Amino acid sequence: METASELATRLTRASRKKVWDVHSAFTWPETLAQDAWYMPPELISIYGTAAYDALDDTQRRKLSLYELGNFFSLVLQGERPLVQGLVHRLYSKSNTREITEYLHHFVDEENKHMVMFGEFCHRYIGKVYPEKKISLPREYAKGEEEVAFFCKVMVVEELGDYYNLEIGRDERCDPLVRELNKVHHVDEARHLAFGRLYLTELFERYRAGWTDEQLAGFRSWLVEYLRASWGDYYNPTMYRDAGLADGYELRQMALSHPAAAAHRQRASAKIVTYFIQNGLLAEEPRL
Amino acid sequence: MMRRMEEAQARNKLRDWILKHAKTPPGPAFSDQTPLLEGGILSSLDIVEFVLFIESLRGEDVDVDDIDPRVFTSIDTLHAAFFAPA
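Going down the list, the protein sequences come from chains A and B.
Following our numbering, the residues of the first sequence are numbered contiguously, the last one being 287.
Following our numbering, the residues of the second sequence are numbered contiguously, the last one being 373.
Just so you know, not all the hints are guaranteed correct.
Claimed, not checked - Derived PhoX-like pairs (lysine-lysine); straight-line CA-CA distance at most 25 Å: (1) A/Lys133 to B/Lys310; (2) A/Lys93 to A/Lys142; (3) A/Lys127 to A/Lys18; (4) A/Lys182 to A/Lys93; (5) A/Lys17 to A/Lys182; (6) B/Lys310 to B/Lys300; (7) A/Lys133 to B/Lys300; (8) A/Lys18 to A/Lys182; (9) B/Lys310 to A/Lys152; (10) A/Lys142 to A/Lys112; (11) B/Lys307 to A/Lys133; (12) A/Lys127 to A/Lys142.
Hint data in this document are derived by calculation from the structure and do not stem from the laboratory.
Note that this is a predicted model, so its numbers are computed, not measured.
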């Protein structure tokens with residue numbers, strides 16, 4: 001079986017073949033069309049609820065733009081600590097030279113993604129939505145912080161990739177938006193391939209030293225992290241910016257609505273299956 | 288514009304939210320001084336939801352970059368940080 005080092009060598013080659021310049025890759029129009037879809041309606045966070053049904057077509061399309069701005073923002077906000085963590089791991093003694101070499105490309109590509117998402121949000125939304133996470137100190141079992149870091153990487157990238165694929169291939173959506181999602185997906189496919197194998201190796205290395213209680217604690221953190229990550233898709237400020245009243249109540253309604261819950265289960269299927277197959281989760285959580 | 292709220296009302300709303308979301312039930316001695324995080328009543332992953340709830344009470348966004356994590360110590364510190372008159 002291929003090791004993470006061997007895979008890193010292949011991915012480095014692929015990254016070098018597909019190198020691109022974020023500053024010249026896209027043509028940014030002055031303004032966006034008001035009547036376009038920016039996200040397929042089925043991906044809109046309140047789709048399938050009475051609140052969505054009550055909107056007229058213009059309001060739905062407007063909401064799709066702010067939902068996309070929120071999506072790009074939350075991916076960007078997830079990529080910030082990711083880059084920080086990857087840089088911290090460059091030239092680490094526990095990594096091979098091949099892995100460090102690939103991490104340079106990983107960082108480079110994530111930086112470009114932040115540039116393109118930031119550009120879109122500043123131009124057309126007027127801001128990047130801030131994240132509300134506050135980092136608090138906690139205790140870890142040996143290696144748990146490392147495993148948790150790569151789990152976070154996988155969650156932000158796998159959930160984001162589900163949206164990238166859906167938006168990228170949906171002909172109803174604005175062409176620039178489809179292109180941004182396609183470009184992101186191509187790079188992310190490599191990051192995910194690396195992340196899956198690297199995290200599997202990491203977990204195997206450290207899991208043996210954890211007690212059953214520590215493993216249970218880790219798994220329950222991971223379920224909570226998945227739920228919290230989904231919570232970012234239901235942003236009260238985004239609803240308000242799209243002209244909808246009572247954003248906080250709308251979030252609570254959507255989070256507990258069966259249609260939205262079914263969407264979250266569907267969109268999480270790939271990452272949850274990976275976590276279960278590799279022992280990071282014991283069973284499918286309700287998200 | 289921040290929405291003003293009576294002190295007792297704000298404290299009650301914070302208490303109700305914490306009781307509803309507590310990972311570890313706080314028990315009968317729960318007070319406005321009970322440590323929320325070190326006591327395991329709330330986890331760091333609850334903070335995002337809690338901040339959004341606080342924003343909905345205040346009617347105004349909270350800039351988390353300006354927040355010292357110690358404001359989540361207890362209901363007393365939360366009230367002082369988010370609801371006490373400036």
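Original post:
Looking back at the numbered hints, which does the structure fail to meet, lowest number first?
Top reply: The structure conflicts with hints 3, 4, 10 and 12, although it agrees with all the remaining ones.
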